[in-house]
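*Asks:* Sequence lines, in order, name chains S and L. Residue 291 in the numbering used here sits at position 291 of the first sequence, with consecutive numbering throughout. Residue 38 in the numbering used here sits at position 38 of the second sequence, with consecutive numbering throughout.
Treat the hints as calculated values from the structure; they're not laboratory data. Treat the numbers as computed from the prediction; the structure is a model and nothing was measured. Treat the hints with care, as some may be off.
Straight-line distance between alpha carbons at most 35 Å, and here's what the computed DSBU-like set of lysine-lysine pairs gives [stated by the list, open to error]: (1) K276(L) to K250(S); (2) K244(S) to K250(L); (3) K315(L) to K183(S); (4) K343(L) to K45(L); (5) K250(S) to K45(L); (6) K324(L) to K183(S); (7) K101(L) to K203(L); (8) K321(S) to K203(S); (9) K244(S) to K228(L).
Number of protein chains: 2
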Amino acid sequence: MTGEEVKEPKEQQEVTEAKEPEICYKAIVLSGVGGYDKVKVEVKKGVPALKSDEILVRVQACGLNFSDLLVRQGAFGKHHSLGTECAGVIEAIGDLVIDRKVGDKIIMMNIDGGLWTELVVTTVNCTYLMPDGMSFQEAAAISVNYAAAYMMIYDYANLRPNQSILIHMAAGGVGIAATQLCKLVHDVTIFGTASPSKHETIKENGVAYPIDYTTLDYAEEVRKISPKGVDIVLDPLGGADDSKGFGLLKSLGKLVLYGSANQVTAPKRSSLAAAKVWWHKFNIDALQLINSNKAVCGFHLGRTDPDHVAEVIRKLISLYKEGKIKPKVDSVWSFEQVGDAMKHMQEHKNIGKIILVPEVKTTDATTGN
Amino acid sequence: MTGEEVKEPKEQQEVTEAKEPEICYKAIVLSGVGGYDKVKVEVKKGVPALKSDEILVRVQACGLNFSDLLVRQGAFGKHHSLGTECAGVIEAIGDLVIDRKVGDKIIMMNIDGGLWTELVVTTVNCTYLMPDGMSFQEAAAISVNYAAAYMMIYDYANLRPNQSILIHMAAGGVGIAATQLCKLVHDVTIFGTASPSKHETIKENGVAYPIDYTTLDYAEEVRKISPKGVDIVLDPLGGADDSKGFGLLKSLGKLVLYGSANQVTAPKRSSLAAAKVWWHKFNIDALQLINSNKAVCGFHLGRTDPDHVAEVIRKLISLYKEGKIKPKVDSVWSFEQVGDAMKHMQEHKNIGKIILVPEVKTTDATTGN
Numbered sequence: 001m002t003g004e005e006v007k008e009p010k011e012q013q014e015v016t017e018a019k020e021p022e023i024c025y026k027a028i029v030l031s032g033v034g035g036y037d038k039v040k041v042e043v044k045k046g047v048p049a050l051k052s053d054e055i056l057v058r059v060q061a062c063g064l065n066f067s068d069l070l071v072r073q074g075a076f077g078k079h080h081s082l083g084t085e086c087a088g089v090i091e092a093i094g095d096l097v098i099d100r101k102v103g104d105k106i107i108m109m110n111i112d113g114g115l116w117t118e119l120v121v122t123t124v125n126c127t128y129l130m131p132d133g134m135s136f137q138e139a140a141a142i143s144v145n146y147a148a149a150y151m152m153i154y155d156y157a158n159l160r161p162n163q164s165i166l167i168h169m170a171a172g173g174v175g176i177a178a179t180q181l182c183k184l185v186h187d188v189t190i191f192g193t194a195s196p197s198k199h200e201t202i203k204e205n206g207v208a209y210p211i212d213y214t215t216l217d218y219a220e221e222v223r224k225i226s227p228k229g230v231d232i233v234l235d236p237l238g239g240a241d242d243s244k245g246f247g248l249l250k251s252l253g254k255l256v257l258y259g260s261a262n263q264v265t266a267p268k269r270s271s272l273a274a275a276k277v278w279w280h281k282f283n284i285d286a287l288q289l290i291n292s293n294k295a296v297c298g299f300h301l302g303r304t305d306p307d308h309v310a311e312v313i314r315k316l317i318s319l320y321k322e323g324k325i326k327p328k329v330d331s332v333w334s335f336e337q338v339g340d341a342m343k344h345m346q347e348h349k350n351i352g353k354i355i356l357v358p359e360v361k362t363t364d365a366t367t368g369n
Numbered sequence: 001m002t003g004e005e006v007k008e009p010k011e012q013q014e015v016t017e018a019k020e021p022e023i024c025y026k027a028i029v030l031s032g033v034g035g036y037d038k039v040k041v042e043v044k045k046g047v048p049a050l051k052s053d054e055i056l057v058r059v060q061a062c063g064l065n066f067s068d069l070l071v072r073q074g075a076f077g078k079h080h081s082l083g084t085e086c087a088g089v090i091e092a093i094g095d096l097v098i099d100r101k102v103g104d105k106i107i108m109m110n111i112d113g114g115l116w117t118e119l120v121v122t123t124v125n126c127t128y129l130m131p132d133g134m135s136f137q138e139a140a141a142i143s144v145n146y147a148a149a150y151m152m153i154y155d156y157a158n159l160r161p162n163q164s165i166l167i168h169m170a171a172g173g174v175g176i177a178a179t180q181l182c183k184l185v186h187d188v189t190i191f192g193t194a195s196p197s198k199h200e201t202i203k204e205n206g207v208a209y210p211i212d213y214t215t216l217d218y219a220e221e222v223r224k225i226s227p228k229g230v231d232i233v234l235d236p237l238g239g240a241d242d243s244k245g246f247g248l249l250k251s252l253g254k255l256v257l258y259g260s261a262n263q264v265t266a267p268k269r270s271s272l273a274a275a276k277v278w279w280h281k282f283n284i285d286a287l288q289l290i291n292s293n294k295a296v297c298g299f300h301l302g303r304t305d306p307d308h309v310a311e312v313i314r315k316l317i318s319l320y321k322e323g324k325i326k327p328k329v330d331s332v333w334s335f336e337q338v339g340d341a342m343k344h345m346q347e348h349k350n351i352g353k354i355i356l357v358p359e360v361k362t363t364d365a366t367t368g369n
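Generate the whole structure from the sequences, applying the supplied hints.
*Replies:* Okay, here's the thing in structure tokens:
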């Protein structure tokens with residue numbers, strides 16, 4: 001190695017720096033699993049590399065989901081990434097990309113996470129063009145929650161006219177989406193649980209009978225209105241609530257299980273809460289199912305055929321364009337506030353979707369979009 | 001009490017007898033629970049009494065169902081009656097009956113049994129007018145099997161275009177009905193199990209891939225054609241087959257359980273077969289269901305809302321009129337041959353519906369209608 005050879009690269013580097021200053025971008029990462037303090041904003045350097053079939057997206061808004069709380073707590077192991085949905089603008093495209101162009105506004109979903117970042121590289125098949133009139137915040141709120149609600153209501157529960165449904169956490173992201181999607185079917189009676197301060201909003205959204213689950217027995221409240229029970233229960237709670245929901249079903253009724261929120265009682269994983277859920281865990285055998293003449297459905301978005309998910313999201317975008325669904329944004333938080341945003345969700349304070357934005361937020365957290 | 005008073009009723013009785021000779025009619029009854037010998041034809045005397053809202057029906061044909069085998073074996077206790085469906089002609093109506101007249105041909109279903117009889121009294125709401133062109137044998141075959149298949153496929157499984165289904169016992173009453181009802185949806189792929197001698201018939205009925213379950217592993221056979229499995233499994237078998245069916249489901253797939261045929265291996269209840277089914281019994285908890293992203297539905301016709309059953313039967317009659325469904329009669333047996341007819345079903349020899357008729361049968365048991 002000669003002195004000249006060492007010098008040359010240094011010169012080149014200086015020239016490059018002079019032409020184009022190194023780009024930095026923010027991303028939300030986990031420094032470990034546990035409480036809110038494990039979530040950090042990291043500044044990354046350099047534009048991510050782009051393959052010929054990929055696109056580079058500048059993210060404008062991200063959606064926070066309950067699954068992100070579970071990822072942070074380590075419920076899925078230590079190596080899961082946060083952030084399964086966002087919306088942004090295409091900043092560059094690979095040579096072989098034909099159906100997207102620079103400047104396109106897109107919705108993105110990736111169930112494996114990694115979307116809470118200012119700049120992201122992805123393939124086209126994870127993206128959907130945003131329709132006219134849709135805000136970035138709405139775009140960051142329409143994929144995960146609405147797709148889950150859609151598949152639970154239409155693929156599993158097969159909701160039809162004159163039926164009834166109990167939606168737990170009716171003010172949450174899935175709850176708001178599910179209520180709007182139920183309203184697409186004629187004469188459906190919607191029961192929804194939420195704390196009293198949220199009742200007005202969920203009623204406006206379509207819930208006929210808001211139930212204060214914090215002070216009342218929701219099963220008793222449902223039976224006061226509908227003594228035979230309901231046709232469908234959407235249940236993200238787990239534990240003893242699963243059996244209670246099953247008991248509330250009419251003949252041919254469906255209990256759709258999609259979570260275990262009862263297990264998320266504290267910032268960190270709670271052994272006591274987990275034990276309680278486990279102790280009360282819903283368990284059923286073939287004969288009990290036949291004799292009760294009811295169905296139990298387990299839903300897991302991450303284990304759903306990706307082609308079907310894509311088909312559902314395209315359907316949801318059509319419904320949005322027709323004015324039949326509209327995401328409700330609860331509040332907007334900057335990346336740096338992600339811990340507080342998670343706390344807001346975990347303490348069940350939100351009504352609708354919690355949005356994270358890379359820039360320092362410009363709207364008040366309580367007024368939303 | 002005087003001599004005159006005693007004499008008067010005697011005279012009245014003699015007069016009645018002279019006017020109208022006592023009517024006798026046959027009914028199939030159980031002399032106990034157990035094997036084929038417990039089923040007897042009893043001759044009853046006198047026309048059953050008719051209330052003002054009831055009708056008297058002369059039965060022309062009755063349907064044999066798997067549940068009748070279970071009733072005979074005592075699976076539901078000692079006091080259940082045989083015979084849940086039949087067809088016949090109205091012979092008399094009560095004063096308050098307005099929507100039926102003498103001579104009407106009707107389909108009857110009563111999940112509590114008691115319809116294997118020449119004369120039966122019932123209320124109008126258990127009956128449906130037979131459409132033109134429907135034979136009594138078809139009419140005795142369209143309610144129980146088709147209603148069960150309809151609700152399993154459309155209420156529970158929510159069959160849609162391009163989906164796939166595995167129908168066990170595809171040559172049985174429910175299997176034939178289910179296949180025809182699946183064909184109403186576009187581009188559905190139907191797998192059906194049956195012994196090889198029945199393959200041609202079930203193929204004609206709509207099964208794309210008949211599977212010889214007697215010599216092959218049906219799950220392997222399905223995966224050869226459809227590596228990802230199927231969207232729906234209709235399972236009347238119970239025991240180890242339930243888990244096998246669950247394993248065959250795609251994401252968002254539905255296992256519909258509606259029986260435990262594996263338990264009916266001998267004329268009498270078999271403790272060994274019951275123990276085997278119990279040992280392999282399908283059991284699942286909430287977390288397993290969510291993680292597998294699948295559903296399990298238990299179907300029990302007897303525990304279904306009667307108004308919904310009636311709605312479904314009316315729908316089935318419309319489908320028959322439109323030529324979209326047509327019951328397949330396997331064979332016709334006289335009441336006196338009921339034991340042999342039951343044996344024929346229990347040994348899985350039938351292709352389609354087994355019919356019982358009060359008169360000595362005029363058709364050959366193997367040629368049917």
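*Asks:* Compare the structure with each hint and give your call.
*Replies:* Hints versus structure:
For the hint pairing K276(L) with K250(S), the CA-to-CA distance comes to about 31 Å; that is within 35 Å, so the pair holds. Restraint check for K244(S) and K250(L): the C-alpha separation of about 28 Å stays at or below 35 Å, so the hint holds. As the CA atoms of K315(L) and K183(S) are separated by approximately 26 Å, the hinted pair is consistent with the 35 Å bound. With a CA separation close to 29 Å, the supplied pair K343(L) and K45(L) stays within the 35 Å bound.
Distance restraint check for K250(S) and K45(L): the Cα-Cα separation of roughly 42 Å exceeds the 35 Å cut-off, and the hinted pair is therefore not satisfied. For the given pair, K324(L) sits about 32 Å from K183(S) by alpha-carbon distance, which is consistent with the 35 Å threshold. Only pairs whose Cα atoms come within 35 Å are accepted, and K101(L) paired with K203(L) is rejected, the gap being roughly 41 Å. With a CA separation close to 23 Å, the supplied pair K321(S) and K203(S) stays within the 35 Å bound.
Of the pairs offered as hints, the one joining K244(S) and K228(L) holds, with about 34 Å between alpha carbons and a cut-off of 35 Å not exceeded.
Hints 5, 7 from the list above are not met by this structure, while the remaining hints are.
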